[in-house]
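There are 4 protein chains.
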Amino acid sequence: MLRTKEQYFEKLFRMKPNVYIGGEAVRRDDHRLRPGLNVLGVTFDLAQDPKWKGVATAYSTLINEEVNRWAHLEESPHDLMQKQKLIRLAARRVGGCIQRCMGHDAINALAICTKEIDEKKGTDYHERFINYLKEYQRNDLVGTCAQTDSKGDRLKRPSEQQNKDHYVHIVEERSDGIVVSGFKMSVTQAAYADELLVIPTRALRENDRDFAVAFAMPADADGIKLITRPVWLREKDDPDAAPFCRYGVSDSVIVFDNVFVPKERVFMCGEWEFGRRLALLFADSHRHSYSGCKPAVSDILCGAASLAAEANNIEKVPHVREKLTQYAGAAELAYAAGIAAAVFGEKTSSGVFFPNPIYSNVGRRLTGELIYHEYNLLTEIAGGISVTMPFKQDFLSPETREYLEKFIVRNPALNAQDSIKLWKFVENVGASPMTAWYEIAGVHGDGSLWRTWVLRR
Amino acid sequence: MLRTKEQYFEKLFRMKPNVYIGGEAVRRDDHRLRPGLNVLGVTFDLAQDPKWKGVATAYSTLINEEVNRWAHLEESPHDLMQKQKLIRLAARRVGGCIQRCMGHDAINALAICTKEIDEKKGTDYHERFINYLKEYQRNDLVGTCAQTDSKGDRLKRPSEQQNKDHYVHIVEERSDGIVVSGFKMSVTQAAYADELLVIPTRALRENDRDFAVAFAMPADADGIKLITRPVWLREKDDPDAAPFCRYGVSDSVIVFDNVFVPKERVFMCGEWEFGRRLALLFADSHRHSYSGCKPAVSDILCGAASLAAEANNIEKVPHVREKLTQYAGAAELAYAAGIAAAVFGEKTSSGVFFPNPIYSNVGRRLTGELIYHEYNLLTEIAGGISVTMPFKQDFLSPETREYLEKFIVRNPALNAQDSIKLWKFVENVGASPMTAWYEIAGVHGDGSLWRTWVLRR
Amino acid sequence: MLRTKEQYFEKLFRMKPNVYIGGEAVRRDDHRLRPGLNVLGVTFDLAQDPKWKGVATAYSTLINEEVNRWAHLEESPHDLMQKQKLIRLAARRVGGCIQRCMGHDAINALAICTKEIDEKKGTDYHERFINYLKEYQRNDLVGTCAQTDSKGDRLKRPSEQQNKDHYVHIVEERSDGIVVSGFKMSVTQAAYADELLVIPTRALRENDRDFAVAFAMPADADGIKLITRPVWLREKDDPDAAPFCRYGVSDSVIVFDNVFVPKERVFMCGEWEFGRRLALLFADSHRHSYSGCKPAVSDILCGAASLAAEANNIEKVPHVREKLTQYAGAAELAYAAGIAAAVFGEKTSSGVFFPNPIYSNVGRRLTGELIYHEYNLLTEIAGGISVTMPFKQDFLSPETREYLEKFIVRNPALNAQDSIKLWKFVENVGASPMTAWYEIAGVHGDGSLWRTWVLRR
Amino acid sequence: MLRTKEQYFEKLFRMKPNVYIGGEAVRRDDHRLRPGLNVLGVTFDLAQDPKWKGVATAYSTLINEEVNRWAHLEESPHDLMQKQKLIRLAARRVGGCIQRCMGHDAINALAICTKEIDEKKGTDYHERFINYLKEYQRNDLVGTCAQTDSKGDRLKRPSEQQNKDHYVHIVEERSDGIVVSGFKMSVTQAAYADELLVIPTRALRENDRDFAVAFAMPADADGIKLITRPVWLREKDDPDAAPFCRYGVSDSVIVFDNVFVPKERVFMCGEWEFGRRLALLFADSHRHSYSGCKPAVSDILCGAASLAAEANNIEKVPHVREKLTQYAGAAELAYAAGIAAAVFGEKTSSGVFFPNPIYSNVGRRLTGELIYHEYNLLTEIAGGISVTMPFKQDFLSPETREYLEKFIVRNPALNAQDSIKLWKFVENVGASPMTAWYEIAGVHGDGSLWRTWVLRR
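Protein chains in written order, with my numbering: chain A, 21 to 477; chain B, 21 to 477; chain C, 21 to 477; chain D, 21 to 477.
If you're looking for bench data, these hints aren't it; they were derived computationally from the structure. Be aware that a few hints might be false.
Since the list gives no way to pick one copy over another, a pair counts as held whenever it fits inside one copy or between any two copies.
Here are the simulated DSBU-like pairs of lysine-lysine, each with C-alpha atoms no more than 35 Å apart in a straight line [said to hold, decoys possible]:
1. K412 to K426
2. K71 to K184
3. K135 to K176
4. K426 to K245
5. K367 to K441
6. K141 to K171
7. K412 to K441
8. K245 to K441
9. K343 to K412
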């Protein structure tokens, strides 16, 4: 089934109010979550659009139906290129992070790793997972990947932490399932996901056995709290504003407090030797996803910088043109890394086709290294107005309006309303709370470069 | 007279409410201006403190009194070094921009340029200006420099603009003064300055004569509107918060609508050949001031990064130590540039000692090139928590408090309250509206590198 | 026919001695050209090796034979990937520049452009060229592309130059051919090429008509002089030395002094509108070739740095490991750009499949920006010994040998002879005449970034 | 006494032939050492020139005479600024490294450290050293600092090395002196120094006691061999060549084979606690010297780039102008760091005034980070000709001369001879053996950044 966004919303709004924002439990229709819902909405709209069939959707041989690509297990280089294309396409429409790749990368990682554990250990995780995934595909669910533990002291392994909850762990093993506790953090999309897909965040040793756990649970299951920080720019739509401000993200600290996970939803339970493998399968798949979204972020920055250059009437000045080409360089090198990762990927024993991790990683590293510089470029071209422009109401007030409408027009080819809209867009892109989020996620999303170092030991 | 900050506030609050914020005229005790007032307060407190005599104050031979250094004409390399020292000292206390150097740099530029115009043209601007300055010193006034015109089309000169108001200009010359109109923009500190010191922003040609104008006016004079955008982080003091959040800035678009300036307050009137000179005298003096404040910004970032490293227990990891030394490199190279500018400065015909512009400029350029990178370093060390940390109220709410107090402690050497305070500070420094302001002002404050290019033609 | 290198040499040595080195005409068996011949030899050896069939060779539908890939017109994305693979493979064996891609990229560009001229102008260049190419393939010739004119004053177009010879141009048009004169410069491989493939270097205007000329001539034709600068490291093979020093390059200033070109070898004659197109077809194809060779240069630098790290026993030090990964990043991003250029390339009207120029260019730009940095990394890891190591003879002399053999062993796991060889290799790679050549060719090979700017106008 | 360079040469040529080059012992008048002698000659010429009195010379209160500044103990900030000025001045005349600062920095370090050892240990090293220094000043000697041990395995301390000779050490202590053995390497200037000033290269521990040794010996003393690698560009002066090629350097591996050092020349003998201190005193003083010479290197590169820009007629192109300002930025920030180090230096107990190590280090680090980039800038402006220009003889040969004289003139404002000279100069600066030497010495001279890290532990 390909759900409509309305169906997605409708299910969300019936969930238990275990999302906490600013000290209170809220329902998932809280206006501060709306920008995130708008992002997810695009992932449903694209799948409904026949034009994007085969890009936004794919044919699942598991359930013999066309499914939303975000719920698909990729089978070929072409599949990976379609995923990358979809992400760039969708990310351009929502101003950057499309979020739903979290679930996609988690299911692909779990499909591979459960197979490999079974092969080594004689377990039956893969079958369990495939059964779970069939329902996931049939219901076109939104999953998020809860990987990043709160980790506590960075120099200590999970079992060495003073506070054991710094890594999600098994509290009890029962015949019908397990009980887990602990904190995950910086989990994007959790507040409006149907399902949480939980996996380890790092390599583990034998005495970290309790921390070797993977499972899926509905996001509003008993014992789960999502303490959430949304990033939002305004409370409701303003017809004069650029669409950028209607989209946003939220991140959650997820508290697991003695949560019971039934056996059929448990996909790793103590197999510590596979902690590193599963962590990296998700991470490397996710880094491949970044080869779709980060080019889109560069595209958007390039668009904002181009508009600012036009408004300043400097778009033909040589240093400005050179700077704009830097965005193209960043975007296309990252995109090329994703293409090469697809071309040189490999078929795993599960049947999932996995992107080449070297190419996924060099691409992701490049974008992580450049992100602050890309905002710097926008600033150089746009000038200081992003942080000194009067507030919207001043542009409307009778005492100041006439002045400001003359003030805001630089290039006479643009009128006052377009100039205001343009500069507010530049501000939203380059000097808003979303800016800090994109800068920091650009560095750390999917594991910082130096954490990777540790992880791979 | 060395005013107390209370005296400064008291005079401010009596001014006409010509500050506009969010569509309405407000008095200068508006809470959104308070963070800026707190910054200026420090400039008065330091001057009251005997410990900083000779640094925060200086002896004025004009009025034969100790005056606040921000109101002083510098006479020697030592004076310039004391100014630089004061700025770094004060900037560290307010989290960065101390703002009041705007007035300082304007009076030093005007003292020099009025003398040079008189020498060439036989005018008497210098005497007028010195008379004005004596009162300024006696009353320990806060002046801001209104230099940046709104500029309109960046490829056209002032006289070529379709909308003449894009550069402040002379509308009428009378026997007792002049009438001026036009827009200045991105003027920091204007909303809580006593005086506006207005100077040209670029080189001028003969047909730009009307734009060659410099003068001083009280900030609430008839015909002046200050359309203001404050940056503030919270509405009132929170005892648990780091002091950083109590300080802030505001920038104004200044509308001059047929403002009459009496003759004794006019310091340039049509001498277009000196437009470039006066613009650069302020800019180069201000760039020297940056050799005090930008090291302080690096110091603060280094402090935040060090605290984050300690909380993560990674302060001895080699790459972290190397990154911390990068802050020292940025700070001390910029500071050294200021010292060399003082050592190799020159005595002008006015008696003012002026910093060497080559050293002022190489220092300023360095800090402009590094600013985004310095925030990047903080992000690399601090991780993603700055944009995903739950809101303050969630740390207080009974439903989530217990979890979050365990969650927030990483290095067990820190307790929950200190951990919260520390991470909120890191967020305030690295991912707040002040961050965008410091990033963008770091690039453009005092003229972007590429604008400088044009200016110097 | 797939020639052996001996057959190639044999033909070369029979050519007229029109190569000038150090003031005298020399035969092509001059020892200073030998390092270049060794490079070309590898291109013949690989084609003889059945293991590399389909990589080093390709099936030509023009002559219905397997041909050396360097003589092939590429027909598909797969062809382009095989070319890229071949270049990386071969470049690793010769220490970097394989040179023969010059001819490959010229023939592909000429095949496309002659077709396009014909389509627009009704000429018959394409047939002429294909006839020429069949012989070229049948005889497995080595062609070099003579593109870069000496250009004179960089701000003047060809027809504006005081000295017309700064661009190769048509002196006379006859019924049976044309007469050309002028200088080409920095032409790598010319001194040991069979054929010179001459094309324009930039966009042309109508009055530059005489400069719109493309043709092929044997490198020793009447009126041609090759004033050549070889880069060589030693005169003959030393069994103790690393192979790197046996390979090298040479570049020539090519003087055309009233050279008659018979009609069947003329492929453009006055069609100035196609000057830019042909210049870019070669350049963009060549930039795609760089996505094969520059990764090999990074691989070699990485190898040298790894060996140095091992000899210093610092290969596990974190900053060293991080630096080594930078080579991987540079190499694989450039390689990925080539792969993406193949995937997103296009079929031209000539049937030749052409790499996507955006991806070719972002890849080439990256490697151009990084080249000096990559040598810097090697220096950081290897230390100063590359420029302070005693000469070879001192390691042999009885008066100093015993000391130096103790001196040179750092990591006791390596003996003296291996240590000497290793450090001489590091010196050859990082501090020899080849180093300067690779640094400068790394920046400018195939058109500097800023020249590209001008070219594309 | 202020010697003339002829006096200096005369004494040198009488020394024992213990310099080894290419397998044989040579006298110090070997032509391959001449470029280095020419450099040292400038240090004598400047001191003879009354114009530079007080810069190239200083008044020594030790011997109550004007002495060459390179033999002076600095007493004030002004002294340090004069030293810095002298170095930049002299370095500009010799194309970069003036070499003689090695001795200067060693004597200042020894003066301070001997005093501090005496204060702690009750020894009499300081008096010994001052007596030695008086003779050194009276005879205007050239000393070089032999600091860098060959070091062997980089992860092992001196006493842990398998081959003890990797650090110079005490073999025997006698009543009248000590016997020392071991290797120093990369010692610039040793082959034409009068005296070797030997000091430790790193922090030491108690069991490294034998390696805690400092002393001075004539460079041709018994048991010393200087295995030397000169960098030279041509054998004798060519009137058409730019002066750059007449100057050069040489570096030596110094073998100490049971060398007896008389007591009065021993300045540290077993005081391992001062190993780190003495190593850093020299290093930090030397880093201050770099704030004089590295700006000169940037000046020379800037000059070469400016000439190339002029010859290409692109000196007004915006990106070229911007690149040229980067040299100014590098040079003046480094110079400013030296000025600040002088201003914030400190008087040591010995009376020597010592530069502030923070400023010395941030300046040195900057130049080390930029050196490859500065060569890259030259390459970007000059183009590829530095590595493809025909040899000198081809410009003279009748068969090619006429062509090449037309070929070489780009900007018609320059004639052929000036064009040849200019481009040969650009080649000498940017693509000669001196280039590799300056690049590598630019990174490692005075201790690499990462070695510093270890040293300071």
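Verification of the hints:
no.: 1; hint: K412 to K426; verdict: within (15 Å within a copy, 41 Å between copies)
no.: 2; hint: K71 to K184; verdict: neither (50 Å within a copy, 50 Å between copies)
no.: 3; hint: K135 to K176; verdict: within (30 Å within a copy, 46 Å between copies)
no.: 4; hint: K426 to K245; verdict: between (51 Å within a copy, 15 Å between copies)
no.: 5; hint: K367 to K441; verdict: neither (48 Å within a copy, 42 Å between copies)
no.: 6; hint: K141 to K171; verdict: within (28 Å within a copy, 50 Å between copies)
no.: 7; hint: K412 to K441; verdict: both (10 Å within a copy, 33 Å between copies)
no.: 8; hint: K245 to K441; verdict: between (39 Å within a copy, 23 Å between copies)
no.: 9; hint: K343 to K412; verdict: within (30 Å within a copy, 40 Å between copies)
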